[in-house]
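Just so you know, the sequences run in chain order W and B.
In terms of the working numbering, the first sequence has 173 at position 173, counting the first letter as 1, and numbering is strictly consecutive.
In terms of the working numbering, the second sequence has 23 at position 23, counting the first letter as 1, and numbering is strictly consecutive.
Please keep in mind that the hints were generated in silico from the structure rather than gathered at the bench.
In this text, all values refer to a predicted model and were calculated from it rather than measured experimentally.
Among the hints, a few may not be true.
Each computed DSSO-like pair below joins lysine-lysine, with the alpha-carbon atoms no more than 27 angstroms apart [unchecked claim]:
1) K177/B - K303/B
2) K229/B - K118/W
3) K247/B - K118/W
4) K29/B - K265/B
5) K265/B - K121/B
Stretch-level coverage of chain B by chain W, calculated; a stretch enters the list once three of its residues show a Cβ under 8 angstroms from a Cβ in chain W [as the list claims (entries may be wrong)]:
6) 35-45
7) 218-225
Ideal placement from N, C-alpha and C gives every residue a C-beta, glycine not left out.
Listed below, chain by chain, are the residues.
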Amino acid sequence: MDFYGINPAVLIASLMVASVPIMLAAIGELVVEKAGVLNLGVEGMMIMGAICGFITAVHSGSPLLGFLGGAAGGAVLSLVFILLTQVFLANQVATGLALTLFGLGLSSLLGQGYNGIKPPPTGVLPLGPLADIPFFGRVLFTHDWMVYGSIAVVAAVWAVLKYTRAGLILRAVGESHDAAHALGYKVVRIRVLAILFGGAMAGLGGAYVSLVRVPQWTDGITAGAGWIALAIVVFASWRPWRVLVGAYLFGGISVLQLNLQASNAFPIRIPVEYLAMSPYLITIIVLVIMSSGRGRASLNAPAALGQNFHASR
Amino acid sequence: MKRRTLLATAALGFLAFGGAAQAQMDHVKACFVYVGPIGDGGWTYQHDQGRLAVEAEFGDKVETAFQESVPEGADAERVLTQMALSGCNIIFTTSFGYMDPTNAVAAKFPNVMFEHATGYKREHPNVSTYNARFYEGRAVQGTIAGRMTKSNKIGYIASFPIPEVIMGINSYYVHAKKVNPDVELSVIWAYTWFDPAKEADAAKAMIEQGVDVIASHTDSTAPLAEAAKTNGAVIGFGQASDMAEYKPSPRVSSIVDNWAPYYVKRVGALLDGSYEQIDAWEGIAGGEVLIGEITDAVPADVKAEAEGVRDAIAAGTYHPFTGPLNKQDGSAWLADGEVSDDGTLLGMNFFVEGISGEIPQ
Numbered sequence: 001m002d003f004y005g006i007n008p009a010v011l012i013a014s015l016m017v018a019s020v021p022i023m024l025a026a027i028g029e030l031v032v033e034k035a036g037v038l039n040l041g042v043e044g045m046m047i048m049g050a051i052c053g054f055i056t057a058v059h060s061g062s063p064l065l066g067f068l069g070g071a072a073g074g075a076v077l078s079l080v081f082i083l084l085t086q087v088f089l090a091n092q093v094a095t096g097l098a099l100t101l102f103g104l105g106l107s108s109l110l111g112q113g114y115n116g117i118k119p120p121p122t123g124v125l126p127l128g129p130l131a132d133i134p135f136f137g138r139v140l141f142t143h144d145w146m147v148y149g150s151i152a153v154v155a156a157v158w159a160v161l162k163y164t165r166a167g168l169i170l171r172a173v174g175e176s177h178d179a180a181h182a183l184g185y186k187v188v189r190i191r192v193l194a195i196l197f198g199g200a201m202a203g204l205g206g207a208y209v210s211l212v213r214v215p216q217w218t219d220g221i222t223a224g225a226g227w228i229a230l231a232i233v234v235f236a237s238w239r240p241w242r243v244l245v246g247a248y249l250f251g252g253i254s255v256l257q258l259n260l261q262a263s264n265a266f267p268i269r270i271p272v273e274y275l276a277m278s279p280y281l282i283t284i285i286v287l288v289i290m291s292s293g294r295g296r297a298s299l300n301a302p303a304a305l306g307q308n309f310h311a312s313r
Numbered sequence: 001m002k003r004r005t006l007l008a009t010a011a012l013g014f015l016a017f018g019g020a021a022q023a024q025m026d027h028v029k030a031c032f033v034y035v036g037p038i039g040d041g042g043w044t045y046q047h048d049q050g051r052l053a054v055e056a057e058f059g060d061k062v063e064t065a066f067q068e069s070v071p072e073g074a075d076a077e078r079v080l081t082q083m084a085l086s087g088c089n090i091i092f093t094t095s096f097g098y099m100d101p102t103n104a105v106a107a108k109f110p111n112v113m114f115e116h117a118t119g120y121k122r123e124h125p126n127v128s129t130y131n132a133r134f135y136e137g138r139a140v141q142g143t144i145a146g147r148m149t150k151s152n153k154i155g156y157i158a159s160f161p162i163p164e165v166i167m168g169i170n171s172y173y174v175h176a177k178k179v180n181p182d183v184e185l186s187v188i189w190a191y192t193w194f195d196p197a198k199e200a201d202a203a204k205a206m207i208e209q210g211v212d213v214i215a216s217h218t219d220s221t222a223p224l225a226e227a228a229k230t231n232g233a234v235i236g237f238g239q240a241s242d243m244a245e246y247k248p249s250p251r252v253s254s255i256v257d258n259w260a261p262y263y264v265k266r267v268g269a270l271l272d273g274s275y276e277q278i279d280a281w282e283g284i285a286g287g288e289v290l291i292g293e294i295t296d297a298v299p300a301d302v303k304a305e306a307e308g309v310r311d312a313i314a315a316g317t318y319h320p321f322t323g324p325l326n327k328q329d330g331s332a333w334l335a336d337g338e339v340s341d342d343g344t345l346l347g348m349n350f351f352v353e354g355i356s357g358e359i360p361q
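The following block holds chain W by itself, in its conformation from the complex:
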């Protein structure tokens, strides 16, 4: 079942792995933005997660602790963002960008001496006979547990936002913090929790890069994945399942373009540049559609996104 040397089952299986970091970071950022906060520091929190996860895994010998350490690293860095934007009411855009630069520098400092070390391997989840099912076995049941974990997180976020009271409050805070405040909800407290969650998810995504995808530490290892995660949130128009679709699309196209390049047999040579820019092109098209019409999509951005809240105003 090969198409010019490219096996579709293998292709789909690898795009699922390639998408995990951006999916985790994007779903975290979705929750943050649903709460009305724009945190552009995803890249910084991801790379902090990558180094903290790496250090924890190397010293404890346990990949599980490594992932927890990564999530903690991302969350701790997001505390800086919380302090500046929720306490001192600093501009969220500027603070987010600063957070990225700070995270890149701090991770480089922490990572001194961790070059060339191999982390403990994260094994494939043993699903036994399921992996032997033709096609679907290879696609669905040959992954490490983080691949399933990331999908579970998307499902959980979707369910919480749609069906629970906590989700309703979170969305209310993001749509109109004044109204939520008038109803007696603690706007700042809710936003702090959302930002911490976003930091932890970004950190988890970063840890996946340094522990599974690349298994090593080097400066700048996330290489812009955080920015792609931000684009996916917009692409998904703040809907959890579309985050999953977006992440698979972005991850899929990057995997596909590498496979097309490696395949000498593929009859049509599509220039690499077109494939590389296609996810961004799609994002732009979605943005244009969203901002042009009066359809539901254009109304979907949280109304209070990027605005600071203070009870006295």
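For this one, chain W is given, so just place chain B on it according to the hints.
Relative to chain W, chain B alone:
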């Protein structure tokens, strides 16, 4: 594009210019500007090893200083000016993107010597350039790749479509083909010098399509880490550094950029007064390109053959680009026994015959 090696302009004369010879000096302060952190395990790490070799060689007679992670562009000019003002006698700028800042600052400090790695502009008598013939190492790797592949599919993760990279791909393929006529080469353009996740994905895509020997011209060890997951079915090579942590397999050999001999020579020349402006392009013979240990994962006869290629290049009896060779479109390039001139290599923008795929324009 991050740093170094554009080498785009072709016809560069390879003449040693008769620059103003300097008077003898008792004490030299040598300064280094690095594009990355010294702990990157690759490019900058090797330059810093060269700096340490200078210290070891001359002891009290030299003092060295360096600055890491200096962005290319305007910031570099500030750092260079600062260094020149702080009493550096010779400043090595170790990335392609420092080319214009180096020449600009050199104009203001005629008594300070500037050495720019992988550039081609020498606008002032106090600016020299240096580079290494990495394609010589690729010939050795290609020989190993051609002999070791079981699937007859070999791969190359390329960074940018620039002459230095194309030179390496051609050399790798020519030598693999020479020992194994059935070999097929896949090239993936990563468009980055350093993006471990992307490099790992590229290696993975190749492995999934049956490639079992992977060379890379990007800086991280990610392709080797990906190959390591196959339990010995796929091999690769260290790039820029030895990458010894992946020995004996998947890393079966490596190309090491060894700048120590050049740095020692240049600082030494400044000390004894024989310093002149030069344009250096050394290879295996000059010790700037080292072939890392060929491990036992390679059969003894293949190892001997690869070492034979290395030694012939070092002795000057063999040039990796010796005819008969045709270009990809079938047009003649080198006649039987003809050797490529450096100008063609430095401007190389074509694949040799037999490589499928195109060079992105």
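Original post:
Given the proposed pairing of K177/B with K303/B, does the C-alpha separation stay at or below 27 angstroms?
Top reply: 17 angstroms, holds
Original post:
Within a Cα-Cα threshold of 27 angstroms, do K29/B and K265/B meet the stated pairing?
Top reply: 14 angstroms, holds
**OP:** Quickly compare the C-alpha distance for K247/B and K118/W to 27 angstroms and report which way the hint goes.
**Re:** 13 angstroms, holds
**OP:** Take the region 218-225 of chain B, compare each residue's beta carbon with every beta carbon of chain W, and decide whether three or more fall closer than 8 angstroms.
**Re:** holds (count 4)
**OP:** Would you check chain W against the region 35-45 of chain B, counting CB to CB pairs closer than 8 angstroms, and say if three or more residues qualify?
**Re:** Answer holds; 5 residues pass the 8 angstroms Cβ test.
**OP:** Mind checking the alpha carbons of K265/B and K121/B for me, to see if they're no more than 27 angstroms apart?
**Re:** With a Cα-Cα distance of about 21 angstroms, the restraint between K265/B and K121/B holds, given a limit of 27 angstroms.
Original post:
Holds or violated: are the alpha carbons of K229/B and K118/W at most 27 angstroms from each other?
Top reply: 12 angstroms, holds
Violated hints: none; the structure is consistent with every hint.
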